[in-house]
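Number of protein chains: 2
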Amino acid sequence: MTKHETAITADAKVPTIEITREFDATPERVFRAHVDPELYAEWVGPRSSKIQITRWDVRTGGEWAFGDDEYRFFGSFHEVRPNERIVWTFTYEGEPDGVFLETLTFEPIEGGRTRLRVLSVSQDFETRDGMLASGMDVGVIEGYEKLDELLLSQEEA
Amino acid sequence: MTKHETAITADAKVPTIEITREFDATPERVFRAHVDPELYAEWVGPRSSKIQITRWDVRTGGEWAFGDDEYRFFGSFHEVRPNERIVWTFTYEGEPDGVFLETLTFEPIEGGRTRLRVLSVSQDFETRDGMLASGMDVGVIEGYEKLDELLLSQEEA
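Taken in order, these protein sequences are the chains called A and B.
Using numbering that gives the first Met the number 0, the first residue of the first sequence is number 0, and each one after it goes up by one.
Using numbering that gives the first Met the number 0, the first residue of the second sequence is number 0, and each one after it goes up by one.
Calculated from the structure, these hints are not laboratory results.
It is possible that part of the hints are untrue.
Just so you know, same-sequence chains aren't split out, so a pair can sit in one copy or run between any two.
With a cut-off of at most 20 Å between alpha-carbon atoms, the simulated EDC-like pairs for lysine to aspartate or glutamate come out as follows [said to hold, decoys possible]:
hint, residue 1, residue 2
1, 49, 148
2, 145, 37
3, 12, 128
4, 49, 92
5, 12, 123
6, 2, 154
7, 49, 136
8, 49, 141
9, 12, 125
Since we're looking at a predicted model, the values are computed, not measured.
Hey, can you work out the whole structure from these sequences and the hints?
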């Protein structure tokens with residue numbers, strides 16, 4: 000199994016966080032693992048965390064909420080464009096004034112694979128830098144490793 | 000009737016548009032004019048435009064859509080915090096990849112009046128500058144003049 004690097008970049012000029020990650024599966028399969036709540040709960044977040052999804056109306060205009068015993072998050076699906084793009088809002092309940100707008104794009108690349116790009120923007124550098132300092136990188140990196148494993152197990156099944 | 004200036008500011012460093020405007024009414028009344036669909040349709044947009052609201056689920060996690068014969072817009076209510084704050088997403092249907100995250104704050108100021116602040120952020124300067132060049136300022140300025148008139152007519156009624 001190929002090890003893929005997760006790149007997490009903060010822009011110096013714009014209060015964004017950009018994540019890019021490749022997966023050994025088609026955009027359709029990577030997209031499905033983002034919208035099917037059972038699959039999503041299986042991989043999202045750090046390995047130490049057991050995620051429960053409490054709201055999941057995955058359509059343009061729908062809403063979502065999930066979390067574990069300690070941290071809870073909520074937001075809205077601004078747009079769900081099948082197999083291509085998800086735009087959602089994202090807030091950690093503990094900091095209700097910190098809101099991110101996140102755009103996920105699922106780009107097909109050679110070999111039936113996918114390049115996932117997650118671009119998050121907040122309204123100021125303080126909110127963005129707080130997110131970067133929160134340890135979110137562990138959840139992102141470990142989550143994508145779990146997604147690699149999930150995609151592989153689907154092929155073996 | 001006092002004439003209030005509408006300030007529309009673009010930040011050089013962050014892809015935001017900030018609008019501030021004072022109103023001669025309490026935050027409760029200005030907020031209500033933003034969430035009651037009949038009131039909102041009465042004042043939002045330029046004088047030349049007749050707005051029809053087609054979706055209006057005004058709650059945290061709800062969705063909205065409105066427009067006139069020519070231009071249509073849609074988005075989600077990320078959070079509705081009564082009389083204080085609305086965070087929503089905003090997209091012009093003609094440019095579906097351009098998404099704004101907008102935070103409206105209703106601040107009480109002396110004399111039972113309100114300072115409204117609207118902070119919009121997009122993910123890049125191109126989207127932000129396109130919005131600024133779209134003529135949105137006419138709709139914002141004329142809309143707030145109509146809102147002044149609506150608030151005054153409520154007092155007279």
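In ascending order, which of the hints set out earlier in this document are inconsistent with the structure?
none
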